[in-house]
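*Asks:* One-letter residues, chain by chain:
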Amino acid sequence: MKPDLKQLGAAAVAVLALGSPAFAAAECGANTGEPATGEPIFVGGIHGNAAPGDWTSSTDSAAAYFACVNANGGIHGRPIEYLVENDQWNPEAAAQAAARLVNDTDTVAMVGNGSFIEMAVNAGTYEAADIMVMASACAISECFETPNLVSTNQGPLPSNLGAAQYAQEELGAEHIACMGLNIPNNGIWSCNAVAEFMESRGGQSTPVLINPGAPDVNSALLEALASGADTILINQPAGIALAILSAAEEQDLRDMFNWIAPTPLYDLSVPDQLGSYWHGHVFVNAELAPLNLEGPDALNWVAVLDEFGNEDDPRDTFGQAGYLSARFFVKAMLEMDPADVGDRAKVSEAIRGISGYTSDLMCGPYYVGDADFHMPNHAGYMVQIVEGGFEIVRDCYEYDSPYFERHIAIETELGLR
Amino acid sequence: MRGLFHVTPSGWSGLGFAAFVILLVPELAGSYWLSVFTSAACFTLAIAGVAFLYARLGLVSLTQVGLMGVGGWVMLRLNHGTDLPFEVNLVLSALATMVFGWILALPALRLRGLYLALVTLMAAGGLEIVFATFQFPNGGEGFWGVTIGSSEPFRRPALAQSPEAYLRYVAICALLGFLLIELHRRLQPGRAWAMIRRSEAAAMAAGVNVTLYKTWAFGICGLLGGAAGALLAGSLGLLDDGTFRASESVMVFALAVVGGARYWQGAVIAAALYKILPPLLSTWGVDADLAFVIFGAGLLHAVITAPDGIAGQLRGAIVARFARKERADA
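Line order of the protein sequences matches chains A and B.
Read the first sequence against our numbering and you will find it ends at 417, with the numbers running on by one and no gaps.
Read the second sequence against our numbering and you will find it ends at 1330, with the numbers running on by one and no gaps.
Be aware that a few hints might be false.
[To be verified] Here are a few chain B residues that sit away from chain A, every Cβ distance over 10 Å (derived from the structure): (1) Leu1084; (2) Ala1132; (3) Met1251; (4) Ala1254.
[Claimed, not checked] Output of the computed footprint for chain B on chain A, the stretches with three or more beta carbons under 8 Å from beta carbons of chain B: (5) 91-100; (6) 179-187.
Rather than coming from a laboratory, the hints here were simulated on the basis of the structure.
Cβ coordinates follow ideal geometry from the N, Cα and C atoms, glycine included.
If we strip away everything but chain A, and leave its shape as in the complex, we get (with noise of 0.2 Å):
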């Protein structure tokens, strides 16, 4: 009997992929192989998830990655319960979480937050009740300005600015066009810095900002082409920078302008959206690794997407960033002392003091420190959009602002330099 051509090919993809990397075996915490029994220990997460964003990545990701620990040996036979709340865009929501999360309940640390609002309201209830608080998708300056967060994520201002240097730099973009979110502590605050940096360089930078609410994405572009820019910096989630960009196809504006975007149009489902009109066109910087690298942690992220997860967990930065925070926070707890790892104040002490930790994710080293800000993530990779994925155009490169003197005084005193 001849062999069926289509049987062939399956059974050939199947020993590919068992093959691949990717398809290994999900390696976390103290990778006992044996389930944790102990006490539980309360982590919290809080996501902002409803129009017009979702923002659950990172918790999903983080929440996969302790269901890994606790079916590995848990923290020192501990497992953790990971308890998350949704925050609904919307301050009292987000006020209310945190009252559940860190006043009711004895969590020991929040980790894998992503959210527009919460840690601009509950900054204050984080440091009143000192806890730390390892997010994963901040959007917001509070995240990166205040004593009890930090992120594995960069947030919109680093990684507009590594987006506009890119720009700068290798596009000869000269007058960019910011087109941020009408709010105060992320598109204003994120394309003012873009500003700044323009004018350091010699060129400018205008404003364009949308209303969250109601976003007219139409009247938005016109701005923009009044303006006068040469290239559109896209500082959206990436629902709104997908209608930005459907309009523009519409009105086939793509070879007037350069296009560049921060991290959250990095997803492998952006590509197809799209569709060939933009491939090639538009230039979009990675907080994290780009996803088609295959260091350890990339490929472990998947691992436990795949073997812990659901099926539709996002695969995107802000997912590898909740995997790091987890990964990073379980670490921490594995290097106490076990009689400790149920201790808010000790666990708060501990996270303070990571310093040095390392991943294929992150172009440089993750720390925490004693500070009252915090922004270890200051350095990703630039890639451009093309027919099924992403390629990279630029590996990792450090972004150049006088805003990161600060952060670099403190690494450098860390030892981190």
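Given chain A, put chain B in place with the hints provided.
*Replies:* What follows is chain B alone, placed relative to chain A:
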């Protein structure tokens, strides 16, 4: 004068409920529920304002949450821009919103029913755009007071630094709001409003200054909405334009009707439906959006069978029970 201070059975039950909220609830509730109840108490005050306008004059205002935003805006601006005590800022916020309510009322005074509702809805839409465009003050300079980047810390009242104390503080403010409404109801404005509600022409013929008393009522509605917004700002330390959408004003009015606009219990029920039911559903593991279905069913119920809302039905049931008992005793 004796009638002015006469406490009705409904009044006693209101004072008892206030005492329960002020004395017991903060001791019993955890941090999460304290936060939920504080929001609910703020909205009780705002709903009391819009319900009062509807019950006394039959006027439909769909701007109440927008007016809360005005009060919250003034509170944040004063808190960040001056060293005045919270209480002074609260009064100024309420008064500023009252003036705003007057300004809103003047062109709308000749309108009634659907047309007035539409005008107030458009005002709410306008406020929504202003809030989204200019944002809420967060410690910056200039008129709008918006700083780029992180917000400056907010000063809570010296008397109410803890969440428990702040819930008591808001509950006392809400009680004062209800007493203000009741005071007006028992004085000349209350009589004038009753006459205007029956017939504007008759009221004018009787010498009632209709313009003055309608404006007055809008002012009180604005005052209570402004105070509620200022208290909400105090609870969170910052405000977001998403909280003050025009659709929320429509929702608040609809729930005021569901709760029962004529009674103080109606405002409490409406605030409980609006702010306590969704977290309760969430706590039970049910999607909080189910609350909207319940609101819709409640509105249908109120429109079809209960014009006095849930509070009216409850009061009716209690009165009927007492009447039966009296008949049985006799």
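*Asks:* Now tell me if each hint is right for this structure.
*Replies:* Consistency of the hints with the structure:
With 10 Å as the threshold on Cβ separation, the claim that Leu1084(B) sits away from chain A holds: the shortest Cβ distance comes to roughly 21 Å. With a least CB separation of 4 Å from chain A, Ala1132(B) falls inside the 10 Å interface cut-off, contrary to its annotation. No Cβ of chain A approaches the Cβ of Met1251(B) within 10 Å, the least distance being about 14 Å, so the stated non-interface status holds. The claim that Ala1254(B) is not at the interface with chain A holds, since no C-beta of that chain comes within 10 Å of its own (minimum 19 Å).
Here the region 91-100 of chain A counts 6 residues with a CB under 8 Å from a CB of chain B, which clears the bar of 3, and the coverage holds. Evaluation of the coverage hint for the region 179-187 of chain A: fulfilled, as 4 residues show C-beta separations to chain B shorter than 8 Å, against a requirement of three.
Violation of the numbered hints given earlier is confined to hint 2; every other hint is satisfied by the structure.
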